[in-house]
Each structure stands twice: as structure tokens, then as C-alpha cells.
Amino acid sequence: MTVEVCPIGAQCHHVCVYCYQNRQQTTTDLVQEYDIQKIKKTIEVEGRPFTLSGCEPLLISKHDLEELWSWGFFCWGHNSLQTNGVLIDEDHIRMFQHYNVTVGISIDGPDELNNARGTGQLLTTRLSTAKTQANILRLCDENISLSLIVTLHRLNATGSRLDCLQQWLRELDEVGVKLVRLNLLEVDKEITQEDLTLSVEENVNALISLAQFEKTLSNLRFELFDDIKKQLLGRDNSRACICNACDPLTSRAVREIEDFDQHRSYMRKNKKGIEYVKAESVGFERYMSLYNTPQEYNGCSGCRFFLMCKGNCPGTAIDGDWRNRTSHCPIWLQIFKYFEEELLNAGQVPLSQQPQKRCKVESIIYEGWSRGENIYVHQVLGRTV
Amino acid sequence: MNRLSFQLPDFTRIVWVSDYIKSIWLERITRICNAFSKLEVISVVEDLRRCALLLLDTKQRNTISEYGKKHGLVSLPISRVGITKQQYSVEEIPYLGYGPYRTRTVLAKKKYANDFMEAWQCNDQRIIGTLLGYPTCCTEFFINTWLDGCFKDTTWPMAIGTCSTQIEEKYSEVIGPREANILWRWTGVRAVPHLPCSFNCFKTALFGKALWNLKNTFNKEREWLHQILDLQVEWSCLHGIAIILTPILKVITRSEATPTKYTVIRHGNKCLQESWINNN
Ligand code: SF4
Ligand SMILES: [Zn+2]
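So the protein sequences, as listed, match chains R and D.
Using our numbering, the first residue of the first sequence is number 1, and each one after it goes up by one.
Using our numbering, the first residue of the second sequence is number 1, and each one after it goes up by one.
Each hint should be verified, as a subset may be incorrect.
Said to hold, decoys possible - List time: in silico DSS-like cross-link candidates among lysine-lysine, alpha-carbon distance up to 30 Å:
#1 D:K22 to R:K38
#2 D:K209 to D:K152
#3 D:K59 to D:K69
#4 D:K203 to D:K170
#5 D:K209 to D:K110
#6 R:K41 to R:K62
#7 D:K152 to R:K40
#8 D:K152 to D:K170
#9 R:K278 to D:K22
#10 R:K278 to D:K152
#11 R:K230 to R:K131
#12 D:K261 to D:K59
#13 R:K278 to D:K270
#14 D:K59 to D:K203
#15 R:K278 to D:K261
#16 D:K220 to D:K22
#17 R:K41 to D:K22
#18 D:K69 to D:K110
To be verified - Reference listing, derived: stretches of chain D covered by chain R, where coverage requires no fewer than 3 residues with Cβ under 8 Å from a Cβ of chain R:
#19 110 to 119
#20 182 to 191
#21 235 to 242
#22 254 to 265
If you are wondering where the hints come from, they were derived from the structure by calculation, not from laboratory data.
The C-beta atom is built at its ideal place from N, Cα and C for all residues, glycine as well.
Can you make the complete structure from the sequences, with help from the hints?
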């Protein structure tokens with residue numbers, strides 16, 4: 001788990017149609033001034049490595065990047081960055097190598113498949129995508145640790161577009177890209193263009209098709225599928241979180257640090273209202289509540305995948321209210337079932353297929369939550385149930 | 001109000017809109033809470049009511065006992081309760097016979113002390129309410145909702161009981177005197193010690209005004225209290241969790257386990273005025 005650091009907040013040279021940060025840009029069009037020393041102090045308090053992100057962190061001056069990364073390297077021996085990959089140049093590559101920066105690039109595919117992540121104009125969007133593609137190859141040549149984030153939507157995940165995506169991923173597999181994170185499109189009617197969203201069936205088909213496609217590749221792995229299989233087997237100590245009971249008030253998996261004038265901040269609003277400072281204590285009320293609330297009322301009561309999914313990410317909750325389970329529930333249900341079956345066929349019995357054991361684990365974890373403690377399934381299984 | 005059969009453990013968490021606002025208002029809120037505790041005691045001395053029910057640690061008990069004696073009052077211990085880490089808790093933690101505790105204490109005019117103890121033993125809420133100075137309407141409301149209805153968050157029944165309210169099946173907009181605004185109680189801020197029966201309970205307003213005007217003390221705290229209670233508040237409750245949104249902070253607390261969302265909006269100022277922030 002890393003701390004997410006966004007020194008320039010929501011600023012970006014792109015206007016991706018589904019970008020969460022993009023919603024805030026319209027209300028905050030000032031260039032925020034940041035104070036690197038203050039940011040470093042805040043990270044120090046967190047005491048964990050950080051990921052430089054926000055909308056486009058490579059808009060930060062190279063001098064400041066060098067200062068942050070040299071310090072990060074000194075403290076933790078490595079750094080990480082999440083970028084759209086357009087602005088990467090020789091200087092950046094030197095810093096990636098020098099300060100052991102792992103680079104995550106957000107790109108939804110080659111050419112027109114990436115049109116949703118754009119500049120607002122088709123020509124420049126395509127140019128940006130071409131630059132990103134070239135930079136991916138360059139990073140591979142330089143042996144820089146690289147992963148991609150691909151969001152599935154109508155431009156890249158149905159029909160011939162899905163074939164095209166897979167062809168591109170095969171090429172990346174051949175040049176040595178090892179890890180791809182798949183994201184489902186966050187459905188927000190106010191910003192997500194209707195024609196970008198996939199139906200439940202389309203999402204499920206795309207995911208299953210990619211899961212089958214993965215088996216034909218030599219290097220490249222989809223983190224999501226690995227994670228789901230591990231979760232089903234109770235090995236929830238992996239790095240990623242499809243859901244590790246993140247607290248929406250403290251967001252333990254990703255904690256954003258922006259540097260902005262606190263005095264002004266009480267007037268700063270985002271789409272969903274005021275941005276709040278993180279809570280002082282961690283709470284698991286969302287998960288206790290979903291565990292008890294019947295599924296017909298947007299809870300998860302009785303779901304055999306609860307230990308693996310926990311109602312999923314609060315950021316994708318139905319009606320944007322984290323007290324509800326994820327709006328992607330019907331997709332996850334089918335995907336969990338798919339991998340459950342796959343594991344069974346391979347002779348492994350997922351926890352979801354061991355009702356007695358599952359219930360015992362659930363009650364131990366629930367007990368922990370009621371004391372304010374997040375116990376992981378692997379810890380419970382380690383103690384033998 | 002439809003309710004599901006589960007109840008979450010008691011919890012309250014508060015998040016502020018910014019560290020800057022917190023640095024100013026947390027101290028003010030602490031001062032409001034301290035002033036309120038003192039006014040609870042003064043209200044008995046000054047004959048606003050006959051008794052007060054207090055939760056005191058050992059040091060406070062000695063101080064209150066001394067203070068009471070000086071003014072012809074008696075303070076009687078009722079029970080010991082455990083100490084919770086929560087900022088606000090609905091349920092008392094039972095005292096297990098060891099570790100720190102607080103004492104539920106009644107502070108009373110001598111002639112009413114016995115009446116209170118008897119009523120307490122018989123669990124006669126109407127007499128207890130009268131001795132504590134609570135409006136009769138609010139005592140009846142407490143009996144109906146808290147005791148008989150097992151509500152641990154009375155916001156929705158309060159909204160239903162509020163006249164001139166824009167109310168739909170699960171959505172209500174209310175207005176009313178600031179003293180009857182009990183939606184800040186999870187932060188400790190309140191104008192009255194009881195749970196008002198509605199957002200426009202007139203008797204609550206009178207009681208609250210009289211309480212905060214006692215001896216013309218705590219003027220600064222009263223001013224801050226008024227600023228806070230006049231802010232717009234939105235309470236919503238879903239699946240056992242209430243979220244209370246205000247312009248300066250957000251409270252997340254245990255509430256009723258409703259299958260669908262209920263919302264109450266108490267109209268007020270939507271933002272702080274600059275003078276409230278800078279003027280100490
Ligand atoms: S699959 Fe659906 S019901 Fe099951 S835990 Fe996930 S969100 Fe809840
Ligand atoms: Zn009343």
C-alpha cells in the first residue's frame with residue numbers, strides 16, 4: 001500500500017472523458033502552488049512509500065521531481081509513478097533509472113482504442129496516444145519496471161475492438177511488458193458518456209475473454225485475475241486491492257496528499273461536495289453494514305463471495321453512496337463464479353465453496369471490524385479455523 | 001420508518017473540511033461543551049430546574065459535591081459506567097469492577113433528591129423528565145421512540161413530528177429554533193440536555209434559551225453555539241449508518257438499519273462567514 005501524492009491535484013493537459021480528476025478541474029482551474037518540503041513531511045508522517053500521481057504528475061518541474069525521487073530512493077530504495085506517459089523524455093528516463101522508479105502508464109489500447117483518454121481534439125489525441133505507445137517501447141528497451149492500467153469501455157472491449165486490444169497486448173507481451181491492471185469503467189451518468197459504458201454482459205464477456213487470452217501469453221499477466229484467484233483461496237495478502245475493506249474516510253490503500261492552501265480549502269468543493277480531511281481513526285462500518293444488509297437493498301448479506309469482495313470499492317458504490325455495495329456487483333458475481341469454477345477444475349477448493357469454514361472466517365473478521373481491527377482471511381486461516 | 005433487524009456496534013467518527021477549520025473550531029467546540037456541562041449544574045442552582053443528571057469522573061464528582069453543598073444541593077451517585085473511547089456513545093459501557101469509570105450522578109435540590117431516586121428506581125420516565133426540567137412533549141417522545149420504539153437515533157421521528165416541514169416518504173426539510181437543533185450532539189454541541197420531540201419544539205427553545213442565558217455567563221461560547229446551530233445540516237441514514245454533513249465537518253455514526261435512505265435537511269447557513277473564523 002502506498003501513499004498517493006498529487007502535488008498539482010487535478011491538473012492535466014488531457015481531458016479524459018471518464019476521468020474522476022477531470023470533474024474537479026472545472027472547479028479548480030488555478031495552478032496550485034505546492035511545497036515539496038511540506039509534502040515530504042506529510043509522507044514521512046505516513047511512513048510509507050509514495051506513488052506520484054494526480055492527473056498528470058509529469059507536469060511537475062524536473063527539478064522538483066528529482067528532489068522527490070532522490071529523497072524517496074534514499075528513504076525506501078524505490079519510487080513509483082502513475083502517468084499517461086505522453087510527456088516522458090530522456091531526463092525522465094534517466095531519473096527512472098537512477099531513482100528506481102516503477103512506472104505505471106494509463107492507456108486503453110493503441111490508436112483509436114485510446115480515444116477516451118484524450119486532449120479533446122482527435123488529431124492531438126491520436127498524437128498523444130502515439131507518443132505514449134512509443135514511450136512504452138522505450139521504457140521496455142531501457143528495462144524500466146513498467147505496468148499498464150487499461151480501463152475497459154466501448155472503445156476497446158467489444159467486438160473487433162477487443163480483438164485489436166488483445167493483438168496489441170500480445171505485442172507488448174513480446175517486448176516484455178509484464179503487468180496490466182484492468183479497470184472497469186466507473187459509471188457516473190454526469191460525466192461518463194452513455195456510449196462508453198458497457199453492459200454487464202459485455203463487461204463479463206470482455207473480462208472472461210481476456211482471462212482466456214492471458215493463458216496464451218508468455219510474460220504479461222493481468223493483476224486482477226491473479227488477485228481474484230488469490231482472494232478465492234483466502235490468500236488476501238497480495239499487493240493489489242480488489243477489496244481490502246478500504247475505509248472511505250481514511251482510504252488506507254490509497255491516501256492522497258495534495259498540497260494546497262488549507263485556509264482556502266473550506267471553500268473548495270468537488271462534485272460530491274466538500275473535500276474532507278481524512279478521519280483520525282479507521283472504521284469498518286461500511287463492511288459490517290453490507291454484511292448484514294440484504295442484497296435486495298444493495299447490501300451483500302448471504303453472498304458467498306463476501307470475504308473476497310466485501311461489496312467492493314466504496315468509490316464505485318451504487319448511487320455514489322458508500323453505504324451501498326458496488327454498482328459493478330453483477331459483473332463481479334459472474335467473474336468470481338468463473339474463477340471459482342476454474343479453481344475447482346484445477347482441483348483447488350475456494351473458500352466460497354466451503355460454507356462452514358467461510359462462515360467461521362466471516363464471524364472472526366466481523367468481530368475484528370467491530371473492534372476497529374481489519375483481520376485478513378490469510379491471518380485467520382493461518383490460525384486454523 | 002422501515003428497519004432491518006440488525007444493529008451495528010456503537011461508533012462515531014468525525015472528519016473536518018480542513019485542518020485549518022479544525023484548528024479553529026475544535027477548540028471552540030470544546031469550550032461550548034465545557035460551558036454546557038457547567039450550565040447543567042448552574043441550572044439547578046439557579047432554579048431553572050430541580051435536578052440535573054451528570055456523568056462525572058472522580059475529580060469532577062468531588063468538585064461538584066463541594067459546589068453543590070455550598071448552594072444547598074445534594075449530589076447522589078446512581079451507577080458506575082465504563083469509559084468509552086468513542087466521542088459520543090449511545091450505549092453506556094457497563095463498569096466491570098476494575099479500571100477507570102465515571103459515575104452517573106444526580107445533582108438535586110435537597111427536597112427533590114428522594115423523589116428523583118424513587119423515580120429512577122421505578123424507572124418512572126415522566127417524573128424523571130419533569131425533575132430534569134425536560135418539556136413534557138419531549139419526555140413523551142423519548143418514551144415512545146427511545147424506550148418503546150428502540151430508536152437509537154431519533155432524527156427521523158423528530159422530523160416527522162415537526163410542523164411546517166416539507167416531507168416526503170423518506171425525505172424531509174425542516175426549520176425551527178436553533179435550540180431544538182440536536183443534529184450536532186455527536187460532536188458534543190447541544191443547546192439542551194434532552195432529545196427534543198421535534199425540530200420546532202417551542203418548549204425546547206424556551207428551555208435552551210433560558211439555560212444559555214443563565215447568569216449572563218459564557219457569552220463567547222453562546223455566540224459560537226449559535227453560529228454552529230444555525231449552519232445547514234443534512235442528515236441521512238442508510239443500512240445502520242448516519243452521515244451528518246455540515247459546512248465545517250462531517251459525522252459518521254451508528255444509526256437505524258434502514259433498507260433505504262432517509263434524509264433530513266435542516267435549513268441554515270451554507271457556509272461560514274469570514275468574521276466567524278477570524279474573530280476570536
Ligand atoms: S459480489 Fe456483489 S453481493 Fe457479493 S460481496 Fe461483491 S458486491 Fe456484495
Ligand atoms: Zn417537545
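Hint-by-hint comparison with the structure:
1. D:K22 to R:K38: holds (19 Å)
2. D:K209 to D:K152: Given pair K209 of chain D, K152 of chain D holds - Cα atoms ~26 Å apart, limit 30 Å.
3. D:K59 to D:K69: holds (16 Å)
4. D:K203 to D:K170: holds (27 Å)
5. D:K209 to D:K110: Status holds; Cα separation ~26 Å.
6. R:K41 to R:K62: holds (20 Å)
7. D:K152 to R:K40: violated (44 Å)
8. D:K152 to D:K170: holds (18 Å)
9. R:K278 to D:K22: holds (12 Å)
10. R:K278 to D:K152: OK: K278 of chain R and K152 of chain D at ~26 Å, within 30 Å.
11. R:K230 to R:K131: violated (35 Å)
12. D:K261 to D:K59: violated (44 Å)
13. R:K278 to D:K270: With Cα atoms ~22 Å apart, K278 of chain R and K270 of chain D stay inside 30 Å; holds.
14. D:K59 to D:K203: Outside the cut-off at roughly 34 Å; violated.
15. R:K278 to D:K261: Roughly 24 Å between the alpha carbons, so the hint for K278 of chain R and K261 of chain D holds.
16. D:K220 to D:K22: Roughly 18 Å separates the two Cα atoms, so the pair holds.
17. R:K41 to D:K22: Status holds; Cα separation ~20 Å.
18. D:K69 to D:K110: holds (10 Å)
19. 110 to 119: violated (count 0)
20. 182 to 191: Contact hint for the segment 182 to 191 of chain D vs chain R: violated, 0 residues under 8 Å.
21. 235 to 242: That given contact holds, which follows from 4 residues of the segment 235 to 242 of chain D lying within Cβ reach (below 8 Å) of chain R.
22. 254 to 265: holds (count 5)
Comparing the model with each earlier hint shows violations of hints 7, 11, 12, 14, 19 and 20; every other hint is respected.
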